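2 protein chains.
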Amino acid sequence: MADFLNLIPIEEIGIGMSASYSQTITDADIKAFAGISGDRNPVHLDEHYAENSRYKKRIAHGLMTASYFSALFGTKIPGEGCVYVSQSLNFKRPIYIGDTVIATVEVVKIDLEKNRVFFKTTCKVKNKIVTDGDAEIYIPRDRN
Amino acid sequence: MADFLNLIPIEEIGIGMSASYSQTITDADIKAFAGISGDRNPVHLDEHYAENSRYKKRIAHGLMTASYFSALFGTKIPGEGCVYVSQSLNFKRPIYIGDTVIATVEVVKIDLEKNRVFFKTTCKVKNKIVTDGDAEIYIPRDRN
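Line order of the protein sequences matches chains A and B. Residues 1292 to 1435 (my numbering) are what the first sequence spells out, left to right. Residues 1292 to 1435 (my numbering) are what the second sequence spells out, left to right.
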């Protein structure tokens, strides 16, 4: 049996529970994400291109912010072994190199019958929302 | 001015236009994604843990598949300089190491007035959907 010590049982999850993670975006993040995803859009990689774009500077891949939600689900609430069912994402503002992103997931609904927990997911930079959306997570009771 | 040669003008985009990208998922992808995201859920990283989980083997991070949609938008349709507005994602089946993922984005709606293109986004493994969803992309006319 897998060790489920790090998975919060659904009965112990309450509406309003939240977890946050904060990270400063650097060139290294963007280059690594470009490598994994294959997204080599020059708005992310090319200073000269970016200077002449609507953003004036290179911006991070929007989906990078979403990956912090995944990390919070898999390591904080509900924790190890939870199953990502769905995620919606609205990319509202660009994120620049040097920006410190604060990602937060907050429980908004619990379905005990179907073992689902619903979250509001938000990334902020300087107290402004850069990415938001909703997520649904399944918490297995049966460990197989 | 940025070089917009690699951005398809909205007038040249038609419903049903599509682009695909295919990649075989390896341990390297998963380790790199764990590093960027901070998502060190052992279902992705730990063989022993995964053997005793519902999946029996390590699985890829669901959001990794979404990153291929980002790549297709940023490099194929519409191409460089497009703006990611939103993405919904349904994670339907696990993806294992060695699986070859085919990501496809297909135009389903065009709003010429608001310069928006709407896509159906799908990732398949062995002809079964592993991730699907919808995306909205803004195509700048004014290059600033």
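The reader is advised that the hints may include incorrect statements.
Claimed, not checked - Covered, in the sense of this in silico footprint (three residues per stretch, anywhere, with C-beta under 8 Å from a C-beta of chain B), are these stretches of chain A: (1) 1299 to 1312; (2) 1327 to 1341; (3) 1348 to 1359.
Said to hold, decoys possible - Derived CB-CB ranges, DEER-like: (4) B/Asp1425 / A/Gly1389: 27 to 33 Å; (5) A/Asn1343 / B/Ser1309: 26 to 32 Å; (6) A/Lys1400 / B/Gly1305: 35 to 41 Å; (7) A/Asp1425 / B/Arg1345: 33 to 39 Å.
Just so you know, the hints here were simulated from the structure itself, not pulled from any lab data. Bear in mind the structure is a predicted one, so any value in this text is a computation, not a measurement. Ideal Cβ positions, reconstructed from N, Cα and C, are used throughout, including at glycine.
To see whether the hints hold, each was checked on the structure:
1. 1299 to 1312: Contact hint for the region 1299 to 1312 of chain A vs chain B: violated, 1 residues under 8 Å.
2. 1327 to 1341: Per the Cβ count (11), the hint holds.
3. 1348 to 1359: holds (count 7)
4. B/Asp1425 / A/Gly1389: 27 to 33 Å: For glycine 1389 of chain A against aspartate 1425 of chain B, whose Cβ atoms are near 32 Å apart, the range 27 to 33 Å holds.
5. A/Asn1343 / B/Ser1309: 26 to 32 Å: holds (29 Å)
6. A/Lys1400 / B/Gly1305: 35 to 41 Å: At 40 Å between Cβs, range holds.
7. A/Asp1425 / B/Arg1345: 33 to 39 Å: violated (24 Å)
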